[in-house]
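Asks: Sequence:
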Amino acid sequence: MIYSMTGYGKSVLQLPTKKITIELKSLNSKNLDLNARMPSIYREKELGIRKLLADQLVRGKVDFSIYVEATADDSSTQINTPVVKQYMQQLKQVVDANEVELLKMAVRFPDALNTVREEIDEDEWKAIQTEINNAVNDLVKHRLDEGEALEQDFNQRIKTLENLLNQVAEMDPERVEGVRERLQKGIEELREKYDENRFEQELVYYIEKFDITEEKVRLQNHLNYFVESLNSKDSNGKKLGFISQEMGREINTIGSKSNYAPMQQLVVQMKDELEKIKEQLLNVL
-3 MIYSMTGYGK
7 SVLQLPTKKI
17 TIELKSLNSK
27 NLDLNARMPS
37 IYREKELGIR
47 KLLADQLVRG
57 KVDFSIYVEA
67 TADDSSTQIN
77 TPVVKQYMQQ
87 LKQVVDANEV
97 ELLKMAVRFP
107 DALNTVREEI
117 DEDEWKAIQT
127 EINNAVNDLV
137 KHRLDEGEAL
147 EQDFNQRIKT
157 LENLLNQVAE
167 MDPERVEGVR
177 ERLQKGIEEL
187 REKYDENRFE
197 QELVYYIEKF
207 DITEEKVRLQ
217 NHLNYFVESL
227 NSKDSNGKKL
237 GFISQEMGRE
247 INTIGSKSNY
257 APMQQLVVQM
267 KDELEKIKEQ
277 LLNVL
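Using my numbering, you'd call the opening residue of the sequence shown number -3 and step up by one each time.
Please keep in mind that the hints were generated in silico from the structure rather than gathered at the bench. Treat the hints with care, since some could be wrong.
Think about it this way: if two alpha-carbon atoms lie no more than 25 angstroms apart in a straight line, the pair counts; the simulated DSS-like pairs of lysine-lysine are [unchecked claim]:
| id | residue 1 | residue 2 |
| --- | --- | --- |
| 1 | Lys267 | Lys137 |
| 2 | Lys234 | Lys137 |
| 3 | Lys267 | Lys155 |
| 4 | Lys212 | Lys235 |
| 5 | Lys229 | Lys155 |
| 6 | Lys122 | Lys47 |
| 7 | Lys57 | Lys235 |
| 8 | Lys181 | Lys122 |
| 9 | Lys137 | Lys181 |
| 10 | Lys181 | Lys57 |
| 11 | Lys26 | Lys137 |
| 12 | Lys272 | Lys234 |
| 13 | Lys137 | Lys253 |
| 14 | Lys274 | Lys26 |
| 15 | Lys274 | Lys21 |
| 16 | Lys229 | Lys274 |
| 17 | Lys235 | Lys26 |
| 18 | Lys212 | Lys181 |
| 19 | Lys6 | Lys155 |
| 20 | Lys253 | Lys26 |
| 21 | Lys137 | Lys47 |
| 22 | Lys212 | Lys267 |
| 23 | Lys41 | Lys14 |
| 24 | Lys21 | Lys57 |
Using C-beta positions, here's what the derived DEER-type ranges look like [said to hold, decoys possible]:
| id | residue 1 | residue 2 | range |
| --- | --- | --- | --- |
| 25 | Gln163 | Asn27 | 33 to 41 angstroms |
| 26 | Ser25 | Gln89 | 58 to 66 angstroms |
| 27 | Val223 | Leu179 | 33 to 41 angstroms |
| 28 | Gln163 | Val8 | 53 to 61 angstroms |
| 29 | Lys234 | Arg214 | 15 to 23 angstroms |
| 30 | Asp149 | Ser36 | 15 to 23 angstroms |
| 31 | Asp59 | Gln125 | 16 to 24 angstroms |
| 32 | Gln163 | Gln197 | 27 to 35 angstroms |
| 33 | Lys205 | Gln163 | 18 to 26 angstroms |
| 34 | Leu23 | Gln216 | 44 to 52 angstroms |
| 35 | Ser36 | Asn220 | 49 to 57 angstroms |
| 36 | Gln89 | Ser36 | 35 to 43 angstroms |
| 37 | Arg39 | Asn232 | 30 to 38 angstroms |
| 38 | Asn232 | Thr126 | 28 to 36 angstroms |
Note that CB positions come from ideal geometry on N, CA and C, so glycine has one too.
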């Protein structure tokens, strides 16, 4: 079972005087890259929120937002009347304007408005925490759905790689015989006498040097291990990435040793499939 790092979660809390919306967006990243946006009143809770998200989401570029929309008269900002009147009296001595224009100018000056600092209501915060958990669960479900689609794609591509590997194995005896014939023909074209026993010894050495049996076995083991890791309980994109790197090494070695055009064509197809797997692995948690 694997999880994608891509996901979206949202939850809405309706209170008597405000509507609070919690949003979570997640994209792929090597580590946890968390960006949190929220009103200043909730900043003292930010560390707790970050810990919760780190524990639940593990990895990814995560944007967390709390939006507050007032639905009733609950303003914490008040006009500082004495200060505004004083500003207006001073402005009369400077500009020739009516009361409305003076008021417009006065309220722009420092201390014209008093903002009463709000304190977090603990019952309200408990309700917000519940909605944060709901948004996280929503995002995790989205990640799981995306992960199931990725898993199907991976299984299909692994089967394609196994089919190509089987074709390589079936072609191998033909490749070896082709190597033998080319060497035999090359010797005969020299029109020189040669020691047949020595030729056989050199031929065996040459064929052993280009033998791909170990690479085929190791590649099949890596394919099996990849599928086994896909089916494990934990989602580990980094582990799958390491396995895919090992698969790439074996495929490259088969290509460099093959010395046979039809087999190299199969190797190119294997590289193409593996590259698509690696691209998708960037999205796996």
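Asks: State for each hint whether it applies.
Replies: To see whether the hints hold, each was checked on the structure:
1. Straight-line distance between C-alpha atoms of Lys267 and Lys137 comes to about 33 angstroms, which puts the hinted pair past the 25 angstroms bound.
2. A C-alpha spacing of about 21 angstroms is found between Lys234 and Lys137, which places the hinted pair at or below 25 angstroms, so the restraint holds.
3. With a CA separation close to 14 angstroms, the supplied pair Lys267 and Lys155 stays within the 25 angstroms bound.
4. Between the alpha carbons of Lys212 and Lys235 the distance comes to roughly 21 angstroms, so the proposed pair stays at or under 25 angstroms and holds.
5. Between the alpha carbons of Lys229 and Lys155 the distance comes to roughly 21 angstroms, so the proposed pair stays at or under 25 angstroms and holds.
6. Proximity of Lys122 to Lys47 is assessed by CA-CA distance (about 16 angstroms); at most 25 angstroms being required, the pair is judged to hold.
7. Of the supplied pair hints, the one linking Lys57 and Lys235 holds, its CA atoms being roughly 19 angstroms apart against a limit of 25 angstroms.
8. The suggested pairing of Lys181 with Lys122 is violated, with an alpha-carbon distance near 85 angstroms, which exceeds 25 angstroms.
9. For the hint linking Lys137 to Lys181, the alpha-carbon distance of about 64 angstroms lies beyond 25 angstroms, and the restraint is violated.
10. Distance check on the hinted pair: Lys181 and Lys57 sit about 61 angstroms apart at the alpha-carbon level, beyond 25 angstroms; violated.
11. A hinted pair counts as satisfied when its Cα atoms are at most 25 angstroms apart, and Lys26 with Lys137 qualifies at roughly 21 angstroms.
12. Distance restraint check for Lys272 and Lys234: the Cα-Cα separation of roughly 16 angstroms lies within the 25 angstroms cut-off, and the hinted pair is therefore satisfied.
13. Using a Cα cut-off of 25 angstroms, the hinted pair Lys137 and Lys253 is violated, with the two alpha carbons roughly 46 angstroms apart.
14. At most 25 angstroms may separate the alpha-carbon atoms for a hinted pair to count; Lys274 and Lys26 meet this at roughly 14 angstroms.
15. Proposed proximity of Lys274 and Lys21 is supported: the alpha carbons are some 23 angstroms apart, at most 25 angstroms.
16. Pair hint Lys229 plus Lys274 holds up; C-alpha atoms about 21 angstroms apart against a cutoff of 25 angstroms.
17. Taking the CA atoms of Lys235 and Lys26, the gap is near 13 angstroms; set against the 25 angstroms cutoff, the hint holds.
18. Taking the CA atoms of Lys212 and Lys181, the gap is about 29 angstroms. The hint is violated against a cut of 25 angstroms.
19. Of the pairs offered as hints, the one joining Lys6 and Lys155 is violated, with about 37 angstroms between alpha carbons and a cut-off of 25 angstroms exceeded.
20. Pair hint Lys253 plus Lys26 does not hold up; C-alpha atoms about 34 angstroms apart against a cutoff of 25 angstroms.
21. Simply put, Lys137 and Lys47 have alpha-carbon atoms about 20 angstroms apart, close enough for the 25 angstroms limit, and the pair holds.
22. Of the supplied pair hints, the one linking Lys212 and Lys267 holds, its CA atoms being roughly 14 angstroms apart against a limit of 25 angstroms.
23. A distance of roughly 19 angstroms separates the Cα atoms of Lys41 and Lys14; the hinted pair therefore holds under the 25 angstroms criterion.
24. As the CA atoms of Lys21 and Lys57 are separated by approximately 8 angstroms, the hinted pair is consistent with the 25 angstroms bound.
25. Take Gln163 and Asn27: their Cβ atoms lie about 40 angstroms apart, and the range 33 to 41 angstroms holds.
26. With their beta carbons about 60 angstroms apart, Ser25 and Gln89 fall inside the hinted range of 58 to 66 angstroms.
27. Checking the proposed 33 to 41 angstroms range against Val223 and Leu179 shows it holds: the Cβ atoms sit about 40 angstroms from each other.
28. Gln163 and Val8 have their C-beta atoms about 55 angstroms apart, which keeps the hinted 53 to 61 angstroms range intact.
29. Separated by about 21 angstroms at the C-beta atoms, Lys234 and Arg214 satisfy the suggested range of 15 to 23 angstroms.
30. A hinted range of 15 to 23 angstroms for the beta carbons of Asp149 and Ser36 is inconsistent with their spacing of about 44 angstroms.
31. Between Asp59 and Gln125 the CB atoms are about 19 angstroms apart, so this pair conforms to the stated range of 16 to 24 angstroms.
32. For Gln163 paired with Gln197, a C-beta distance near 31 angstroms keeps the hint of 27 to 35 angstroms intact.
33. For Lys205 and Gln163, the Cβ-Cβ distance of about 23 angstroms falls inside the hinted range of 18 to 26 angstroms, so the restraint holds.
34. The given range of 44 to 52 angstroms is broken by Leu23 and Gln216, whose C-beta atoms sit roughly 34 angstroms from each other.
35. At about 54 angstroms, the CB distance of Ser36 to Asn220 agrees with the hint of 49 to 57 angstroms.
36. One distance hint, 35 to 43 angstroms for the beta-carbon pair Gln89 and Ser36, holds here, with the actual separation near 37 angstroms.
37. Between Arg39 and Asn232 the Cβ separation comes to about 34 angstroms, which falls inside the hinted range of 30 to 38 angstroms.
38. In this structure, Asn232 and Thr126 meet the distance hint of 28 to 36 angstroms, their C-beta atoms being roughly 30 angstroms apart.
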